[in-house]
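> The residues making up each chain are set out below.
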Amino acid sequence: MTTTSDEAALVSALERARRALERVEGTLEQARVAAARGETELDGVGEAARGAPGRGRELRASLQLFYEALERAKLSALNAGLEAARLGDPAGRIVLELSGDLRELVASAVQALEGHAGLLNESEREREGFLAGVAAARETMASVGRHLGGLGRERQELVSALSGLEGALAPVLGADPRVARLLLELGEQSKGLARSVAALAREPSAPSMERVRLALAPLLEALGKSTE
Amino acid sequence: MSTRAGLLVRAGEELGFVPATTAQSVVALPAISPVARTPLAMTLLNGRVVPVVALGSPTGVLVVCELDGEPVGFSGLEPLRVGLFAANERGVVVDGHMVPELDLASAWRSLEPALEPQLGEP
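Quick note, the sequences are listed as chains A and B, same order.
First residue of the first sequence? That's 0 in numbering that gives the first Met the number 0, and the numbers climb one at a time after it.
First residue of the second sequence? That's 0 in numbering that gives the first Met the number 0, and the numbers climb one at a time after it.
Rather than coming from a laboratory, the hints here were simulated on the basis of the structure.
Just so it is clear, CB atoms sit at the ideal spot from N, CA and C, and this is done for glycine as well.
Just to be clear, a hint being listed does not mean it is correct.
[Unchecked claim] Far from chain B by the CB rule (all over 10 Å, computed), these chain A residues:
# : residue
1 : L20
2 : A84
3 : S98
4 : G99
5 : V158
6 : L168
[To be verified] Using C-beta positions, here's what the derived DEER-type ranges look like:
#  : chain 1 : residue 1 : chain 2 : residue 2 : range
7  : B       : G55       : A       : A131      : 34 to 44 Å
8  : B       : P29       : A       : T139      : 47 to 57 Å
9  : A       : A111      : B       : L43       : 29 to 39 Å
10 : B       : L43       : A       : A136      : 50 to 60 Å
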């Protein structure tokens, strides 16, 4: 046999469960929106990085042009030196020295160019790693989305179970759980009201019954309307 | 000690000297076609067919020399320096080291018989 306080505890627990479910629903929705936004942003980042190979190829083609031009300059300097060497000393000495300097400069430029090509290779490797990271992050985000979808289904199960519980408790509570809760609240408040009326009657300067009836007028009016 | 003008090259692991009177020019390695049934190859330089002798792995350049009044290309040589070098009867001295003169004429002549028509061949 259930007591009034048992019923109150049951109704209160059901109400808390209902509110908790509503909060879960709100949080799930926010998480789903965040996961979808994350996927979209990762797509954008990946798309931007995927454009890099084209620019890398253009850079590589430019470097190749530079390299070929420098190789030709190196050969030209070598052949100029060969002609100057044939002229002998002193006629060819200046051109010979100039061609030697030019070859050294060109060799330095080729070395710098090879350094640039190495940096380009390195940046392409880093880009590949970055793209792989973005793909993995996107997959994780999609997995989070799938799990959130699963949680949504679980929430539906909980809603359904809670409704079933409320239906099963209706005979125990003697009414619909919401009506039972309102009745219990009304009972608690009327007890308070009775305590206030008793305290008022104990006062030396207690008001007349007419004044008490006037103060209770809204309650009496509400009771009158509900029984019509 | 006298001086000699020429080209210092690397031939495999060794250094060699090619006199400026022999070395005519250095060009980027052109397309080279093998000559069937001979160890020779040939290429087209300035509209002229030039025989090519391979002295090692390709280096990206062809050293064009004049031997017996004819141009001959040598591949497998890496040019290092051109200039006037202190010389003796065996070659030139570079940074205190003796660098022998490459005997390109002998290398070329040793291949010449391969170009002669073989008996019974068309």
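> Now look at each hint and say whether the structure bears it out.
Hint check results:
| no. | hint | result |
| --- | --- | --- |
| 1 | L20 | holds, 76 Å |
| 2 | A84 | violated, 3 Å |
| 3 | S98 | violated, 7 Å |
| 4 | G99 | violated, 7 Å |
| 5 | V158 | holds, 77 Å |
| 6 | L168 | holds, 91 Å |
| 7 | B:G55 x A:A131: 34 to 44 Å | holds, 43 Å |
| 8 | B:P29 x A:T139: 47 to 57 Å | holds, 56 Å |
| 9 | A:A111 x B:L43: 29 to 39 Å | holds, 34 Å |
| 10 | B:L43 x A:A136: 50 to 60 Å | holds, 57 Å |
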